[in-house]
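**Q** Sequence:
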Amino acid sequence: MEKTKTVGRYLRLLFGICVAVITVPVYLKAGITYNLASLGIAVGLVVIYIALHFVVMRLVPKINRWFGALLAILPVALVFVLGQGGGPLFGQGEGATGALTFLTVSFFIDFIRADSGCEVMAIPGLLFKDRTPLACLALTPIDMLEEKLTSQ
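If you read the sequence shown in the numbering used here, its first letter stands for residue 2, the second for the next number, and so on.
Worth flagging that the hints you see were computed from the coordinates, not collected in a lab.
For every residue, glycine included, the Cβ atom is placed at its ideal position computed from N, Cα and C.
Among these hints, one or two may not hold up.
Cut-off 20 Å, straight-line C-alpha distance, at most; resulting in silico cross-link-like pairs (PhoX-like, lysine-lysine) [claimed, not checked]: (1) Lys4 / Lys149; (2) Lys30 / Lys149; (3) Lys4 / Lys130.
Quick list of the computed label-pair ranges, beta carbon to beta carbon [as the list claims (entries may be wrong)]: (4) Ala115 / Arg59: 19 to 29 Å; (5) Gly87 / Gln153: 29 to 39 Å; (6) Leu90 / Leu146: 31 to 41 Å; (7) Pro89 / Ser152: 39 to 49 Å; (8) Ile18 / Ala78: 29 to 39 Å; (9) Lys4 / Ile33: 32 to 42 Å; (10) Gly41 / Gln153: 46 to 56 Å; (11) Val22 / Leu146: 25 to 35 Å.
Can you make the complete structure from the sequences, with help from the hints?
**A** Here's what the structure looks like:
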């Protein structure tokens, strides 16, 4: 997997900081039960993405990197949407906080490693020292443009 250039890398840092600015105050105000539930959900997402990592790595020749990325963001998106306060999953908002925690860590890992591709696959990529070939719906186009502009 190719490494990101400067703009793509620092956008990942900026996104990570923005999500952390939303998430950290929630942890500081919430009680221990809420915080543990949110962290448990984040760990659960890590487990889901480890399993997804193995599936994607076995299907690499058969999966379009953009379609695969769309499928890859579904678990975290569903947990975020259904885990809002008053939602059907984790009624106080623990699901949304857990999903944002997972995304914060993923963005920071991709910044540190200068990895391009699907951010939700960053933690399994770090653990297994490889990355899936999936694109990032928001950042891969920026990475591609930066690559094109800097290679001229």
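**Q** Checking each numbered hint in turn, tell me which of them this model violates, lowest number first.
**A** 2, 5 and 8
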